[in-house]
Structures are given as structure tokens and as C-alpha cells.
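Colleague: This is what each chain is made of:
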Amino acid sequence: MTPGQLLLFAMGGLANAAYLFIVAAGLSLVFGALRVINMAHGSLYMVAAFVTVVIANQVGAGLGFWAGLLVAVAVTGAIGGVVEVLVLRRVYGREHLVQLLGTYAVSLVVAGAVRIVFGANYRTVASPIPGHLNLGGYSYASYSLFMIAAAIVIAAGVWAMLYRTNLGRNIRAAVADPDLLNATGVNVTRLYTTVFVIGAGLAGLGGSIVAPSQAIGSSIDTDVLVLAFAISVIGGLGSIIGSAVGSLIVGMVISFGLVIPATNPFALAFVFIIMTAVLTVRPRGLFGLPEN
Amino acid sequence: MSRLFPRFLGDRVRWGAVLVLFVFVGLIPPLAGLNENLNPDTSSRFQIFLGTSALVLALWAISYNLMLGYTGMVSFAHAAYYGVGAYTVALIFKRYHLPVLVGLGAAPFAAAAVGLVTGLVAQRAVRLYFSLLTLAISQLLFSIVFSWYDFTGGDNGISITLPDQLSDYTTLYYFTAAVVGICLLLMFILVRSPFGAALLSIRENRQRAAAIGINVKVYELAIYTIAALFAGVAGGLFVMYQQQAYPEMLYWTANAQPVVVSLLGGISTFLGPAIGAFIYVVLDNTISKQFPYQFDIILGAIVLAVVLAVPGGVSDAPSVFLRLRERFRRGEEAEKPPAESAGEAIRMFDVRKALASEAIQAEKVHSGKTLLRIEHLSRNFGGLRAVEDVSLEVKEGDRHAIIGPNGAGKSTLFNLITGQLKPSSGKVILDGRDITGRPPHVIAKTGIGRAFQITTIFPKLSVRQNLQYAMLAHAGYTVRPFGIADRIFAGEAQELAEAVGLGMWAGLPAGQLSHGDQRAIEIAISLALGSKLVLLDEPTAGMSAYETDKAMELVRRLATERFLTLLFCEHDMSVVFSTARTVTVMHQGRVLTAGTPEQIRRNPDVQKVYLGELEQEEVGA
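Residue numbers (our numbering), protein chains in the order written: chain A, 1 to 292; chain B, 1001 to 1621.
Keep in mind the hints are simulated off the structure, nothing from the lab.
Glycine residues also receive a C-beta, built at the ideal position from the N, C-alpha and C atoms.
Take the hints with a grain of salt, since some may be wrong.
[Said to hold, decoys possible] With the Cβ distance kept under 7 Å, some of the chain A side facing chain B (calculated, not the full set):
(1) Leu14
(2) Val109
(3) Ile129
(4) Gly131
(5) Leu133
(6) Ile260
(7) Ala269
(8) Thr276
(9) Thr280
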């Protein structure tokens, strides 16, 4: 492998890590505060991807994508709010079996709705940032650089939200002890709704941002959900730093695994081997929170 | 599980439903033939084919429910074992040209072997992380099957053509029904056995299960492997009627099918998932044929409705029916025991008898040898020395209290003794045996019963079962995969329930009793273990003054009658001085002093610790 190729694959891994981080951060944030694994997280991502593609293609290149992104995030946030109020509120504190099945049911409903509304065909959208860079003799999509930048901005935003705002302080307090937080006069019920809406919005943001770089079909929900789980488990559920580290690992493994002929068919298997290995040594992942 | 022992009428309705199900299964082929004669549009072959698929789905779902309903484990890898079974049959038939029945015989063992190995890995984590690990394992197995093109056929899967005598639909149907029937019978025997009782107690409360001597991880691995074994049979049968195996069978989302089917039928009954399987197949072939996209939504709506509203699934129908009927017939029914015990149990026993027998044991104390010896025990949490260099001895037959202000290290000391925590240094010796750092289930078996500070019982099991399962575990019967658990020690458990004043409520789910009565169950469980030493962590926490007096009289009486040694910690000084014969005072993780209650009462250091504590509290407030 030449240095140019090495650089290219590393940058490809970073681009994978970028969108995966946005999705996994939402999953992890929700788990940290609500102690619920959201099986419908991938479905929200898929909804956002389809909404973005449809709007972008309607409105036209350039501006269309950004309009689609805004609408998609708003739509997924709204769906998140409805799901939290109608379903999640009734499963907090119950066995995690009930929580898994409740959000799984939501994912079935959302996935079914997506197939009815958008059909089963793959869709694509033109990149809002066309053009390629020259990377050591190889061409690299400018849009991938945008994805990496977006992930960094979002990581900084999530960090600032958690550590520099009242909302973030309350979320961190809710992670530690929701009952005590409630007793100090914070409306924890509303806080949970807010957190879930933010988590859903992040899933949507991930789906929107990924849309120009992939073909969007009606099975991307489970594909991304499995990877987001792997990231959360490797990094540790509930930890934003863990999500970042996990996304980097998974993004790189997929990028390098796919290009090396000997490992190509097993690229995804490597992700799960790493996931198994990490959990075997550290049962809560690299930066994980204990389960309540 | 109370559901296995319903009220008499419910029993009749339930067995009636089971009979109808069996007759229905037996009559599907003739009914399908009749249907074809009446409606020439329909194909009896297809109907029988659907019946076969429902049978296989029933077996698969019930094997899943061994984990889901009976042990409380959510696995995403179960479909992978189903797939392993299917590929075993297909590969042995196609690549090695052996009869398909050889493959079917090998399938359960292949699936169980893969289940055992991967289960060992998944066992590194518990609950949610366990579920996520099974997800990784499932995807790993899927990618192996998907990518190993030369052996497994990759994404094409493997198609086989069965010999003529097995490709007749009716023959295949009855063959499948027979295999499924045998498997169900084996699984039914298993869940009713003492082994099944151990699984139920793990589902209800892992901590309590370990504290009555059940090795939780080993039982979980065993049922995980057994479930994989039966999933392998189901996968093998699938290949026989579908004549193909394909990689999607192993994909993690394939687990949705047995889960939905189990939920639909009811996860708390044995045959519930079988009913769910037939409903699912009918739904799948009516709705999904016409509205393929809507089917997901309908399925999701059903799962949501079941999860949020009817956790019992279809199998709850008889109970719902009974409840409605009772509403109409109120007044005619015989008087029932109250649904809640309201703390009455504590009032039920004879205090005079307890006090009269007090004298018997007083002599034993002085002649007693050392039962529990703790040597220089320490435990740090980071920089905090929760327990530091604690040494103490508990004599046989003694009632030894450990007192001290909050944060003195009393609960940590208890957790070190019973294995919930491992000591940083020092030794715990019970009756001459070194039990330092052993896991809780081993320590429970060596003879230490424990009542926790936070009530730790099996809430959905009846009071009698709570005690019975503790006795089963203690006697080592829970390794038996045969026999009927609820018939073993039933009398002894009832007797013990009566001894603690809970006889009238022995059939009620323990979680329905009042706080004081649940404490009594907690104490009774530690007694059911036949332990030499019983540890009580604040036995009267949260009780009223009246309940406290009664409960401690109960404890004293039982200790006397059963020659128990007590080690307890308590904040209520009247409890300590009325019950203890020896008192150890702890302060900031260390032993301050030890002696008789009278010596402790007079000790100026002890007074200082408590007064100092008081002053601080006053200043702090």
C-alpha cells in the first residue's frame, strides 16, 4: 500500500466515522439520560435520509439539500417527541425487555411507513458540495471533508450543550439521579422529552448528511443501527467521548477492511470481532456508564 | 410462576385451550382436504404447508421463550442458531450426500455447540450489554455464512431436493408435528423441573437467586445452550419443508419473528408462543399478501399494544374472561383471601411461646465454639477505606449485633462476608473453612443465609415458592431437569410460611404483601436455606415501632427454635439491646470495641461516637 493510498483510506475512514458519530452520539445521549436503548434510532435516520433526498431533488441542486436537511431534522425531532410522549413514557423503569420491544415496535411502524411513502427503490441525490480534492494522486470527494467538519462541529456543539448550558447540567444530573433532580424542582418528564427530541434530531442529522454520499434504500435503518450499537458498545453507552472513539474505530475498520482484498468479505465481521473483544475485556465498553 | 398454577376454573379453561390446540394441529391435513373439496380455489397442499411452517415457528418461538419468558434474557443471536441448524441439514445432505434424517439428528448438536461457545463469550456481560453482545455474535455468524461462498453458497444459500417419501406434504406435516411434539414435551418437563425453578428465580431477582445458592451464570449458559439446541431442531425442520437454507435466516432482525410470536401468544405461559405462531402465520398470509408494506406497521402496532396494554398476550384471554365473569357474578363466589396482607402476619404469632423458650439457648452460647472468624478484613473504594482491618468472632448460637453510625462500614462488611464484594485483604473463615472472596452462591451453600437491607425477594412468585425455591437451591436439587419443582418441599415451605406468620398468604405473589411482611419473607428465605449463620442487614428498616417489636420477637423465636446464629446490624438501639448478646461497635470502617450489651452501654468511647455524631448532625442541620 502506497502512502497515498494509506492517506486516502484513512480519510475514507474519517468520513465513515463522521456520519456514524452523529448517529451514535444521539443513541448514546438518549441511553445516558433515559436508560433506554432506542431500537427506532435507525428508522429516524432513514426517514431523514429520504426526506432530504426528496426535498433536495424537488427544490433543485445547491439550496435544495440544505432545505431538505432542515426539514428532515425538524421532522425527525417531531417524530421523536411524539414517540417519547406516547411510548417511552410508559416504559421508563420497566425491564429492558419491555423497552427494547416497545422501541422495536416503533421501528417497525416507522420503517413500514417509509416504505409506503417513499417506496422500496433506492434513491440518490447530487452532492451539494461537488468536486474532488487531489489526495496524494487520488481523488477524494470534497463532500467527505464537509462531513468530517460537520461531525467536529456537532461534537463540539454536543459537548458545549452538555457542559456549558443549564439544559446540559440538568441532563448530566438526570444521568446521576433523576429523582433527586426532580426534587430540586426540575421537570424531569419534560427534560426527558427534550433529550429524546435531541437524540432523534441527531439521528436525523446523520441521515441527512449521509444522503449525498450513499444510495438511500429502505434497509439502511437496520444497517446503521447495528453499526451505531457496535460503536456505542465499543465506546461505552452514555459516553460522548466513547461515541467519538468508537466511531473512529468502526469507521477505520470498515474503510481499511473493504479495500484489502483478503479481508473484504469480512470487513463487517471485523467490527463485530472488535465489539466482542472489547466487551469481553471491558463489559461496559471503553468509557461506559453502569446500567441502572 | 403463578401462571402455571391458576385457580381451578382458570385451569380448566387453560387445559381446554391446550386440548383444542392439539386437536386442531392433528386435524389440519384432513380439514385442508375438505376445504379444497368445498372451495376449488384453495390448495390443500398450500394450507398444509402453512400448517407445517406454523409448527416449526411454534418450536422456534418456544425455544426462544425458554430464555425470554423463563429466564429474562433478550438474545439477538437466537436466529443464528436456528440458521446453524438449517445449514447443518442442508450441508450434510448436499455436500456429504447423507440422508436428511442424519442432518436433522446432527442439527441440534451443531446449534448447541455453537450456542455454548458463543454463549460463553456473551456471558461476559449481563442484561443490556449481554443483549448487545449477542447482536455482535449474530452478525459475526451471519457474515461468516454470507461470505464463505465456497462452503455455504454465500448469498444464494443452499437448495436441496428431498427424496420422494418425505416430499409428500401430509407425511412431512405429521413428521414435523411429531418432532415438534417431542421437543415441546422435553422443554415442558424442563421448565417444570427444579432446574426450571432456578431459571424463574434468576428472572425474578438475580441477586436473590445468587444469595440462595444458585450459580446464575452457569444456569444462564445452560439454558442459552439448550435454547440453541431446540432452535437447531427448528432450523433443521425448516429446511425440510422449505428445501432451502439462506443467510438471512441468521441476520439479527430475523429474531423479530420468535419474539413477536412469543409476545402475541404470551411469554408467561408455556404454549402461548405456539398459539402466537398460528395467529402469526394466518396474519402473515392474509394481510401481508395483500398489503406487503402495511404488514410491518400492523405488526408494530400489535407489538406495541401487547407490550403496553396486554403483557400476557393471547394466553391472558382466559384470565380476562374470568375477571369479566367474576364481575357479573360477584357475591355468589366464596369468600377469598384478601388481595393484600396489610402487615397482618406480624400479629399472628404467639409472643409468650417465644419468650418462654428463650432460656434454652442461653447456656449454649457460653459453651459455643467460634462459627465465623473475620481476620484483618479491609476493603478500599479508591481512596476511601470503607472497612479497615476488621477482626471479629461470632460464637455459635450467639446473637451478635454490629452497630455504628452511618458510614461505619456495616453494610460493606456484610457484603464482604457474603461475597457481593471481594475484600482488598484479610480473611473470612466460616466453621474452619476459608470463604474469603468466594462468589455469593458458593457462600450461600456453605451455610450463610442473608436478609438484605433493601428487601430482596422474588416478587412475582408466591410466598410459598419463594421459600420452596430457596430450599431447592440449598438442597442442590436445581440441577435436576426433571420432576415437578412445585411439588418438592411444598409442605416444608408451607410450614415455614406458617412459622413466620405468613401461612394464610402463602399462595399470594410475594410482591403483593406489605413492606413488613416482605421483610418477614426475606428473613424466612434466609432461614429456608437451613443456614448455620443468618446475616440480617437492618432487619427492621422502614418498619413501624409496632412492627419492629413484633418482627424482632419473631427473629428471636426462630433463632431459638432453630438454633441459629445471628449476625445483624441495626440502628434502633432498643432492637439491639433487646436481642443482642454480643455487640461490636464500628466507627469509620474500624472496630471501636466489642462486648456485652451492658459493657457497650457503659463504654465512654461508644457514647462519644454517638454523641459526636449527634453534635455534627445538629451543627449540620
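Colleague: Take the hints in turn and mark each one as holding or not.
Modeller: Verification of the hints:
1. Leu14: violated, 23 Å
2. Val109: holds, 4 Å
3. Ile129: This interface hint is violated because 33 Å lies over the 7 Å limit.
4. Gly131: violated, 35 Å
5. Leu133: Leu133 of chain A check fails; min Cβ-Cβ to chain B is 33 Å, beyond 7 Å.
6. Ile260: violated, 14 Å
7. Ala269: holds, 4 Å
8. Thr276: Interface hint status for Thr276 of chain A: holds (5 Å vs cutoff 7 Å).
9. Thr280: holds, 5 Å
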